[in-house]
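Enquirer: For reference, the chains in residue letters:
2 protein chains.
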Amino acid sequence: MVIFMDKDSVGFVETQYFNINDSFVLESGRTLDDITVAYETYGELNSDKTNAILVCHALTGDAHAAGWHKGADKPGWWEIVIGPGKVLDSEKYFIICSNVLGGCKGTTGPSSINPKTGKEYALDFPVITIKDMVDVQKALIDSFGIDQLYAIIGGSMGGMQVLQWIISYPEMMKKAIPIATTAQSSPQQIAFNEVGRQAIFSDPDWKEGNYYDTGRTPRNGLSLARMIAHITYLSDESMYLKFGRDLQDKDEISYDFTMDFQVESYLHHQGESFVKRFDANSYLYITKAVDLFDVAVNNSIIEGFKDVKCKLEVISVDSDWLYPTEQSTEIVAALNANDVEVSFSEIKSNYGHDAFLLEKGQLGYFLSKFLSDNNVGDLMFTDIITIKEEDSVTKAAKIMLEQNITHIPVVTDDNKLIGIVTSWDLSKSIATNSNILKDIMTKTVKFCHSSDSIADISRMMSRFDISCLPVVDEDFVVEGMITIDQINDMFS
Amino acid sequence: MVIFMDKDSVGFVETQYFNINDSFVLESGRTLDDITVAYETYGELNSDKTNAILVCHALTGDAHAAGWHKGADKPGWWEIVIGPGKVLDSEKYFIICSNVLGGCKGTTGPSSINPKTGKEYALDFPVITIKDMVDVQKALIDSFGIDQLYAIIGGSMGGMQVLQWIISYPEMMKKAIPIATTAQSSPQQIAFNEVGRQAIFSDPDWKEGNYYDTGRTPRNGLSLARMIAHITYLSDESMYLKFGRDLQDKDEISYDFTMDFQVESYLHHQGESFVKRFDANSYLYITKAVDLFDVAVNNSIIEGFKDVKCKLEVISVDSDWLYPTEQSTEIVAALNANDVEVSFSEIKSNYGHDAFLLEKGQLGYFLSKFLSDNNVGDLMFTDIITIKEEDSVTKAAKIMLEQNITHIPVVTDDNKLIGIVTSWDLSKSIATNSNILKDIMTKTVKFCHSSDSIADISRMMSRFDISCLPVVDEDFVVEGMITIDQINDMFS
Chain V
1 MVIFMDKDSV GFVETQYFNI NDSFVLESGR TLDDITVAYE TYGELNSDKT
51 NAILVCHALT GDAHAAGWHK GADKPGWWEI VIGPGKVLDS EKYFIICSNV
101 LGGCKGTTGP SSINPKTGKE YALDFPVITI KDMVDVQKAL IDSFGIDQLY
151 AIIGGSMGGM QVLQWIISYP EMMKKAIPIA TTAQSSPQQI AFNEVGRQAI
201 FSDPDWKEGN YYDTGRTPRN GLSLARMIAH ITYLSDESMY LKFGRDLQDK
251 DEISYDFTMD FQVESYLHHQ GESFVKRFDA NSYLYITKAV DLFDVAVNNS
301 IIEGFKDVKC KLEVISVDSD WLYPTEQSTE IVAALNANDV EVSFSEIKSN
351 YGHDAFLLEK GQLGYFLSKF LSDNNVGDLM FTDIITIKEE DSVTKAAKIM
401 LEQNITHIPV VTDDNKLIGI VTSWDLSKSI ATNSNILKDI MTKTVKFCHS
451 SDSIADISRM MSRFDISCLP VVDEDFVVEG MITIDQINDM FS
Chain Y
1 MVIFMDKDSV GFVETQYFNI NDSFVLESGR TLDDITVAYE TYGELNSDKT
51 NAILVCHALT GDAHAAGWHK GADKPGWWEI VIGPGKVLDS EKYFIICSNV
101 LGGCKGTTGP SSINPKTGKE YALDFPVITI KDMVDVQKAL IDSFGIDQLY
151 AIIGGSMGGM QVLQWIISYP EMMKKAIPIA TTAQSSPQQI AFNEVGRQAI
201 FSDPDWKEGN YYDTGRTPRN GLSLARMIAH ITYLSDESMY LKFGRDLQDK
251 DEISYDFTMD FQVESYLHHQ GESFVKRFDA NSYLYITKAV DLFDVAVNNS
301 IIEGFKDVKC KLEVISVDSD WLYPTEQSTE IVAALNANDV EVSFSEIKSN
351 YGHDAFLLEK GQLGYFLSKF LSDNNVGDLM FTDIITIKEE DSVTKAAKIM
401 LEQNITHIPV VTDDNKLIGI VTSWDLSKSI ATNSNILKDI MTKTVKFCHS
451 SDSIADISRM MSRFDISCLP VVDEDFVVEG MITIDQINDM FS
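Protein chains in written order, with this note's numbering: chain V, 1 to 492; chain Y, 1 to 492.
Honestly, the hints are just simulated from the structure, not real lab data. Incorrect hints may have been included.
The list cannot tell twin chains apart, which means a pair is met if one copy fits it or any two copies do.
Listed below are the simulated DSSO-like cross-link pairs for lysine-lysine, each with C-alpha atoms no more than 30 Å apart in a straight line [what the hints assert, rightly or not]: (1) K138 x K388; (2) K428 x K250; (3) K306 x K443; (4) K428 x K369; (5) K207 x K276; (6) K70 x K105; (7) K174 x K306; (8) K416 x K369; (9) K250 x K207; (10) K306 x K250.
As the structure is a prediction and not an experimental result, all values here were calculated from the model.
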């Protein structure tokens, strides 16, 4: 087989596996033992472990987001954005994607062997939630020793995972990009999922979920569920453009119940190819997790987002009627109400919901703009040492020597910036023979705010030849420091 | 049982049956013998047989559009618009509604007995089309001796029948009102119908359609098909308003596959109650007829409508995503391109597609405005006698006497209006002793055009005390006559 692998592909990849050895407590209160997580990574984790991006997959996706498996005839599901030189640049970022809990692509799910019985879980598998999926991902991220992800990105159910991450682990990411998703599954979304589940339940081959040793699978039911769902992923317009009312393999309508139209044949093909790659019970569990997803607390989405800390870019698709733009703007409004820094972009496309897998150009533009648009808050270090003006110069000198730093902000008792002391100031102390910090510190100190753009600050630091700048809030309380070295690292 | 029957209901009604004795040729070329048509009528057919309105039902409707069946706990499906004093006023109009061919509510369909075998047709029933449904309705209308319907009205698949009627029988109606429908089923609509059919096909109780003597019916499949379809009849917003994310009979989500949400329970109820009243094979045939519907000729909807003669009011629903407003405005544009007199109204509603069964107020307003908005062309009689100016007064007098008329238009050889002779003019002839029409006819004759509104003409005729007016086209060719008596009859 000849594979046309783009030179901007990550190339051949293999799925890896991570085991959670402890018993894992689920949102329902039930536990799961011996969870395995299938994942792939692209690129290298840098030494500071600050360049990791987690990509979360949609309903029927898997860990294989980019590159090629040996012998496969197509690449990972988000090949259009992940790879060397692409938006999610594997030469710059360390990109991680894992199969969700409840899935059937390597991560523990209903088709996995229950260690207690030695047989497949089937319906003994506990109902799981998006929060459970995220908690499992968190264990994987921890295993890399990553304290904070640079970004978390995902579309559809992947977007739900993004929203759950920023709520469950608000300090764990600098940036988050939920795409074509919702803060709570709507009744219509639940309704479509429920008819999909009923299609599986109604298939006699489903056998209450215990089909694994029957030699048969609920093909018809699962195929039907997929066909229903697939309609919802496409826009009316894209179906017009793709199929119109064209007939399938015939010149005239046949006045029988064979398939007349191409759209019917296409849907059948989608259903048939899906049953080859997906487990029916997994479909039940994952759609249920989607239905249960609701970030609201006390019926308030705003309250649900109250602890969010990261910067967000929310993206929707104008022709997506399953996760319409209003559901994204609702997320934006609720984040705004919490003073979260959030921007919003709408992909113009006639592809419908599936556009987030297809619209390479617009996705690339929105993602790269947001990922590279840093402000001081994204880069500053907050683990800083300050000093009081009553302190001695000797103390300052000792701190500089021991911590290997050249700048120490001088603050009041309530941590407000009143000056800075630098290694240069120490020479003043020697020259004037004064050991009082107040006498030698620089009082006309330059500073910046966490919301200032890196580009602006960088220009200012170059102009005044400043190597290190305190970051203060609106009350002049010191929040952190930013150095020209950090900025240069980022742009290099 | 206590029934709360409104005083503006047509009251108790019974379904009646009409038989087509001849072998009936279908669009496919196949034939059906012994077709029975179930129908109901409300009101009385007037002596001229000019007050009949045909109402066409949607996918799963029936002939019982209004009033109450004995023992029933709810009235006909369009009770909100049909009845004494309502928009479709049974004291003014003779309203007819028949169950469609292929149905299961009294009209011949796949669950009927095949006269050739003595058993149910099942899949031996031929695939039928919207045109076949309309042709069968035409036979019913003919049986009443009705030459022209005052109006044809229908929503959804009923609207398709309306569009087929105006194409197949362009002279058979004065007015037509297609509601929430399309000129051709879209790929998305076909896709939803196809998954519904697949749900039935996949039910082991379907048995290739031969379930009638098994004591079982494909309940699961039909119920699932209905659940899928039902989602498409509701808007996302109406589901929010109706259900939100409210739980069903529980205080907390249950972390199992029982139904958590009210929307799930509601859909199940819809599915369950549907299987009690509908035949699965009928569902297959009728959805197939809908899929095949396409008025286009040579890929042109405009060409499909080229013979349309009647006036139309096209109505859509703003929140209808199954038959969106664009599909209605496409109909309007194609009719306009054929110079058909067409108006368009959009129901503002959050009910979605189902709004045409629910929005009593707006439906009432749009329907009554259009039904009462007559122009001269709607009312004039075209079976007229003219006379030439060379003719004798004696000839004119004889015509008046024999035909019992008082006004005769005087025309040129190419039928252009040049005067009028009235019984009053005859007295001039006697007084002046002239037998030459030219001498005594009224040359400053008043006239009107068929597009003039009845209200305007009525005012003019009153003002000038005119009892009869010739109707001419733009070249002054006489097309018809209109009398004050006709106008008074209409407004009485």
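Enquirer: All hints are to be evaluated individually against the structure, with a verdict given for each.
Expert: The hints, checked one at a time:
{"no.": "1", "hint": "K138 x K388", "in the structure": "neither (40 Å within a copy, 98 Å between copies)"}
{"no.": "2", "hint": "K428 x K250", "in the structure": "neither (92 Å within a copy, 75 Å between copies)"}
{"no.": "3", "hint": "K306 x K443", "in the structure": "neither (37 Å within a copy, 87 Å between copies)"}
{"no.": "4", "hint": "K428 x K369", "in the structure": "neither (45 Å within a copy, 93 Å between copies)"}
{"no.": "5", "hint": "K207 x K276", "in the structure": "both (19 Å within a copy, 26 Å between copies)"}
{"no.": "6", "hint": "K70 x K105", "in the structure": "within (16 Å within a copy, 59 Å between copies)"}
{"no.": "7", "hint": "K174 x K306", "in the structure": "within (16 Å within a copy, 63 Å between copies)"}
{"no.": "8", "hint": "K416 x K369", "in the structure": "neither (34 Å within a copy, 73 Å between copies)"}
{"no.": "9", "hint": "K250 x K207", "in the structure": "between (38 Å within a copy, 27 Å between copies)"}
{"no.": "10", "hint": "K306 x K250", "in the structure": "between (58 Å within a copy, 28 Å between copies)"}
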